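Could you build the full structure based on these sequences and the hints that come with them?
Each protein sequence line maps, in turn, to chains B and W. Using my numbering, you'd call the opening residue of the first sequence number 1 and step up by one each time. Using my numbering, you'd call the opening residue of the second sequence number 284 and step up by one each time.
Note that these hints are calculated values from the structure, not bench results. Just so we're clear, the structure is a prediction, and the values are computed from it rather than from any experiment. Hints are not guaranteed to be accurate.
[Claimed, not checked] Covered, in the sense of this in silico footprint (three residues per stretch, anywhere, with C-beta under 8 Å from a C-beta of chain W), are these stretches of chain B:
(1) 105-115
(2) 134-146
(3) 195-209
[As the list claims (entries may be wrong)] Incomplete in silico selection of chain B near chain W, CB under 8 Å:
(4) Leu71
(5) Gln162
(6) Leu163
(7) Leu167
[What the hints assert, rightly or not] Simulated restraints, written as ranges between beta carbons of each label pair:
(8) B/Ser260 <-> W/Leu354: 35 to 45 Å
(9) B/Asn195 <-> W/Leu354: 52 to 62 Å
(10) B/Pro254 <-> W/Pro350: 24 to 34 Å
(11) W/Leu308 <-> B/Ser26: 22 to 32 Å
Each residue gets a CB set at the ideal place from its N, CA and C atoms; glycine is no exception.
Protein chains: 2
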Amino acid sequence: MSRPVVVDSVAALRAQIRDWRHDGLSVAMVPTMGALHDGHISLVRMALAKADRCVVSIFVNPAQFAPTEDLDKYPRQLAADLDRLAEANAHLAFTPTVGEMYPAGFATRISVGGPSSGLESDFRPTFFEGVATVVAKLFLQASPDFAVFGEKDYQQLCVVRQLCRDLDLPVGIIGAPTVRDAHGLAMSSRNAYLNETELKIARQFNVILRKAAAALAAGGSEAAITGNAVSALAEVGFDKIDYVQARESLTLAPWRNDHSGRLLAAAWLGKTRLIDNIEIPSS
Amino acid sequence: MSRPVVVDSVAALRAQIRDWRHDGLSVAMVPTMGALHDGHISLVRMALAKADRCVVSIFVNPAQFAPTEDLDKYPRQLAADLDRLAEANAHLAFTPTVGEMYPAGFATRISVGGPSSGLESDFRPTFFEGVATVVAKLFLQASPDFAVFGEKDYQQLCVVRQLCRDLDLPVGIIGAPTVRDAHGLAMSSRNAYLNETELKIARQFNVILRKAAAALAAGGSEAAITGNAVSALAEVGFDKIDYVQARESLTLAPWRNDHSGRLLAAAWLGKTRLIDNIEIPSS
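Take a look at the structure:
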């Protein structure tokens, strides 16, 4: 166990990475918004398996929150995060301020079409612009060889892949399997918002999705199966279901069951919005 | 005089630049759409003064042309361009196809606010998105230390600076003074569209702008002076004047005469649209 170096300026980040490059070391990056949990730590492990040095960025990115969303109450716990990164042997934590990332006069936006359309974008229309812009900046600041993103945010992973392909960003994108608790609930910093009753309901999310994915694999009607999943989520106690949709795994185009598929969903418990997704098993 | 290496794939471009980097050589880039004239050659000279190696891209970028514009008739003359680059001792010409730059499924756009608003954008609303996207791609493909842009496309120069600052693109942007013919007409690939009568009129463009800039420097009313310039352009034979506007030199915000200023204009001769701009002399 060794404490990570903590830097909050782009200049210091680049200086450290330049030193590593000089020594012939490869670099993998794990972009996060902090409030680190076992899911993030699995990304760090994957980064360390892939490269000599692991950089973790911790930045709650205002550009990906709508004015109505939970930017202000999003959990911030830097000291605990640094402890977790030390346990995981991450080498550097990049903790820029909002002013360092978006100085006065900042005015650029990256929009990625293709996989960003629909799903999350139907409910968070500027979310992926915010994600794509900050991810491009982080990659250009750190110039990592690889970056690791969790499959938990599956649409985001597809958007980041498309971003790198389209802009010729020379960063290898690695998707890491979702880490789940003993009940199958996907790890998420937003799980911290849930009370005990909500937590019990949240743990049904993955159960209902797994059942629906199996039914899709068995060749049932997509509309009927996703419709049933929506009903089942409401029945166990979800307050509002934004979507349950089957998509083509790579492009996120509408799923045709001759392609590898992914079932994606978003649903609310009180004021907390949860997302999850699973592979549709090949039939 | 030595012929430039000509490559049309990103992979070959990166391989050559990797070799140069390995030898400790610095790289400057000159992005062009070909149809090279003395203005472009001055950019190459500036690049060579700044770095060990000069890469010139030649790519007529469809993303910055509107459907109604002159994409198809835009002059293409690769053999002559390569001769000119050989005379100028440029080291590499990057001549990608549209498919190499925008493969099937390409879906990403970069929009730069700030200096891109108004002026050209009022008449070519998607132009700077096309410019910003292709420039970001070229920079990420070639990773040059510097890039040289002409002041002839002054708003574009400001937009590219903002793009690099906002996205942390580590490329030093160098603005090069506009090259003019003996009559002061700014060099432009589109001058090739002009017949003899139009050419004579075009040569009045800079004369009228210089007079207006001097009047602004002397403290006259901005609205009256730019209005007079529009009238003068119409009088000498311009068919339509898109704009004549004074702006703050760095931000392109409305000019206040306590700041360094730039006078920018666009006007039509038949089907040819010309742009020009000059510094407002400090009073």
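Unsatisfied constraints (hint numbers, rising): Numbers 3 and 4 - these are the hints that the structure violates, sorted from lowest upward.
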